[in-house]
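Enquirer: Sequence:
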Amino acid sequence: LYYRAMPTIRPTDCLVPQPSPTCCVWLNGLRASERPLWRPLWNAAELRACTDGGANLILDRVRSSDLLAPSLISGDMDSITAEANEYFGKSACEIVATPDQDKTDLTKCLELVAERVEKMALPPSHVLILGGLSGRFDHSLATINSLLNSRTIFSRISNPPSVFLIDGENLTFVVGEGSNSITLNRSLLTGICGVVPFCQRETRVTTEGLRWNLDDTPMEFGGLVSTSNEVVADQIEIRTTASLIVTLEVRSTVTTGSAI
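Numbered per our numbering, the sequence shown spans residues -7 to 252.
By construction, these hints were calculated from the structure, which means they are not laboratory data. On a predicted model such as this, the values are computed, not experimentally measured, just so you know. Here a beta-carbon is modelled for each residue, glycine too, at the ideal position from N, C-alpha and C. Watch out, some of these pointers could steer you wrong.
[Unchecked claim] Label-pair ranges, simulated between beta-carbon atoms:
(1) Glu75 to Val224: 44 to 52 Å
(2) Thr182 to Glu107: 31 to 39 Å
(3) Ser132 to Asp94: 15 to 23 Å
(4) Arg203 to Ala113: 38 to 46 Å
(5) Gln227 to Arg193: 26 to 34 Å
(6) Val88 to Arg203: 21 to 29 Å
(7) Arg193 to Ala24: 29 to 37 Å
(8) Ser132 to Arg53: 18 to 26 Å
(9) Val88 to Pro(-1): 24 to 32 Å
(10) Gln192 to Thr0: 27 to 35 Å
(11) Leu133 to Val8: 25 to 33 Å
(12) Asn162 to Pro11: 20 to 28 Å
(13) Val224 to Val8: 20 to 28 Å
Turn these sequences into a full structure, and let the hints guide you.
Expert: Put into structure tokens, the structure is as follows:
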């Protein structure tokens, strides 16, 4: 079986401010899932976007100068408060209504981000989504679906950025069909990880660098999913016949900012 090689993925890079440009997307969600780490990552990003509900969450912190203002707010505008809409409408923030109900606000936001990334002089190293996996379970599933769609959304860019998501202590991303190399800074992680099939098609997976590796193993809901696995190497190899969700548990000392 032939596996197409993909560029190296460096998910732990998103946990520390980078010298190269980055993009951040702040989602509507539970404040309890936020971590102090989000502030420096958001403020260091060259492109900062949020959904209309996310704008409500950060309004007071932008007013107090704790957070930098978003450069883009998008959504169907059913969640943004009049107060937030008025405040950000008077700023340099671009507000774009995206009424398409067949797509989630996150998917539509990522499409707008991709358009702006194409015009950046220096391409971003990654796009980091803040939140999206807490609260209502159907919303969490929609976020996972948007993560899967992100590979297609950014595919038209010559050097597409990786897309990562952090929520609480969870760092989540997608690996695509083919052969994927993942480089990690394990000092930032607890070691606990998951490799989860999500596409409704045959998914056969081979891994290296995990405590319980897979060997051309069929995976599906209703069958095998590799949760509560463990990273045992700085380099992980994943070969898969369909896209997978990968989750890594981040050390709480990192998410609270005490280890950065």
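Enquirer: All hints are to be evaluated individually against the structure, with a verdict given for each.
Expert: So, going through the hints one by one against the coordinates:
| no. | hint | result |
| --- | --- | --- |
| 1 | Glu75 to Val224: 44 to 52 Å | holds (50 Å) |
| 2 | Thr182 to Glu107: 31 to 39 Å | holds (37 Å) |
| 3 | Ser132 to Asp94: 15 to 23 Å | holds (19 Å) |
| 4 | Arg203 to Ala113: 38 to 46 Å | holds (43 Å) |
| 5 | Gln227 to Arg193: 26 to 34 Å | holds (27 Å) |
| 6 | Val88 to Arg203: 21 to 29 Å | violated (45 Å) |
| 7 | Arg193 to Ala24: 29 to 37 Å | holds (35 Å) |
| 8 | Ser132 to Arg53: 18 to 26 Å | holds (24 Å) |
| 9 | Val88 to Pro(-1): 24 to 32 Å | holds (30 Å) |
| 10 | Gln192 to Thr0: 27 to 35 Å | holds (28 Å) |
| 11 | Leu133 to Val8: 25 to 33 Å | holds (29 Å) |
| 12 | Asn162 to Pro11: 20 to 28 Å | holds (26 Å) |
| 13 | Val224 to Val8: 20 to 28 Å | holds (23 Å) |
The structure is inconsistent with hint 6 alone, although it conforms to all the rest.
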